[in-house]
Amino acid sequence: MLLWLTVLTMGAVTYVVRVTPILLLGKLELPPLILRGLRYVPGAVLSAIVFPELVLREGSLALSLDNPRLLAGVLAALVAWRTRSMLLTLLVGMAALWGATALLG
Amino acid sequence: MRKSVEPGLVSGRGQEFFSGVRAELPLLPAVIPFGMIYGVLALEAGIPASLALGMSSIVFAGSSQFAATQLIGAGASAAVVVATTLILNLRHSLYSSSLAPFLSRLSARWKWLLGYLLTDEAYAVTIARYRRSENGTSLHHAHWFFLGAGLCLWTTWQMSTAAGVFLGAQIPRDWSLDFTLPLTFIGLGVPTLDNRPTLAAALVGGAAAVALAGLPYRLGLMIAALAGIIAGLWVDRRANLPSEAG
Chain E
34 MLLWLTVLTM GAVTYVVRVT PILLLGKLEL PPLILRGLRY VPGAVLSAIV FPELVLREGS
94 LALSLDNPRL LAGVLAALVA WRTRSMLLTL LVGMAALWGA TALLG
Chain F
36 MRKSVEPGLV SGRGQEFFSG VRAELPLLPA VIPFGMIYGV LALEAGIPAS LALGMSSIVF
96 AGSSQFAATQ LIGAGASAAV VVATTLILNL RHSLYSSSLA PFLSRLSARW KWLLGYLLTD
156 EAYAVTIARY RRSENGTSLH HAHWFFLGAG LCLWTTWQMS TAAGVFLGAQ IPRDWSLDFT
216 LPLTFIGLGV PTLDNRPTLA AALVGGAAAV ALAGLPYRLG LMIAALAGII AGLWVDRRAN
276 LPSEAG
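Those protein sequences? They're chains E and F, same order as listed.
Last residue of the first sequence: 138 (the working numbering), numbering continuous.
Last residue of the second sequence: 281 (the working numbering), numbering continuous.
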């Protein structure tokens, strides 16, 4: 019962965060500075999610090439940049991760 | 109710809807294992199957569902679970704000619906759709694109969660399938980094997230995102200043 209440509250806060700007901001004229800042949302947020996944191992920094996730992530980024193909990015990234894990143990 | 618009510049509702679905398809090979792993971990954390499935439709936010699963498994209090969810999902307010100007003419019902369907994956393809319009295509029915992308992701998420809950234990752990998620975000993000300010925003956002990873409740993510945005604005402003000697 408490778990259900917790999940319902999680859903409520998530929904409020998602819907409020759409409901309210459409009616306001946003200052140009904010509008320009919003252009950087995708890159800033996505990399804030991705970077820690690549360079942190159990909470500490692993910035060397014997870190399979970093290696695979960098390769995948190169593929994404050159090809703009999601499928190739996924395939190369996973293959690199498996290869590097097998080689580096 | 057909309006007179120049032919060739407008796409119909169905056409937009299915382009939205199609834009989402390349992401599904990453979403499906992610949803299945969530289902498995939720059961392992002692969450009943019905609630694990319920969370996918009530919360519908993968990363916070993962975090909640870990926290519940570790016996965290409800308040901590909800606070972590809120902070982790604050990034959606940035997505929502950046889409708001494009959705302002829609009815309230549309806004309530699209708000529910706003995820990382749906946002990334939808904002790309709206930005393409800057070279002249009509935005008249572009919200149907959002709906198509959102529903495609929603359906896949529910089904893969269910697959994880019911078939789960058969997913081999050492395949590292959780890595498909960062790979998706790389595939979505990297092609958008086509000028110096966006690159600066991404590098600063990412580096700050690493530096702040130790903060409680995943606070680091939102602070890092804001730092990245400020970096983008700063580089943009410097680039637009008249060049001076030195």
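Some hints could be false.
In silico negatives: residues of chain E with every beta carbon more than 12 Å from chain F [stated by the list, open to error]:
id : residue
1  : Leu-94
2  : Ser-97
3  : Asp-99
4  : Leu-136
Listed next, with one range per pair, are the computed distances between beta-carbon atoms [claimed, not checked]:
id : chain 1 : residue 1 : chain 2 : residue 2 : range
5  : F       : Pro-207   : E       : Leu-136   : 13 to 21 Å
6  : E       : Trp-131   : F       : Gly-49    : 35 to 43 Å
7  : E       : Leu-61    : F       : Arg-272   : 17 to 25 Å
8  : F       : Gln-193   : E       : Leu-61    : 31 to 39 Å
9  : F       : Arg-48    : E       : Val-107   : 37 to 45 Å
10 : E       : Ile-67    : F       : Ala-163   : 18 to 26 Å
11 : F       : Arg-231   : E       : Arg-117   : 27 to 35 Å
12 : F       : Ala-113   : E       : Leu-61    : 28 to 36 Å
13 : E       : Gly-132   : F       : Arg-272   : 25 to 33 Å
14 : F       : Trp-147   : E       : Val-107   : 35 to 43 Å
15 : E       : Asp-99    : F       : Arg-48    : 50 to 58 Å
It is worth saying that the hints were derived from the structure and are not from the lab.
Beta carbons are placed, not taken as given, at the ideal position from N, Cα and C, and that holds for glycine.
If you check each hint against the structure, which ones fail? 1, 11 and 13
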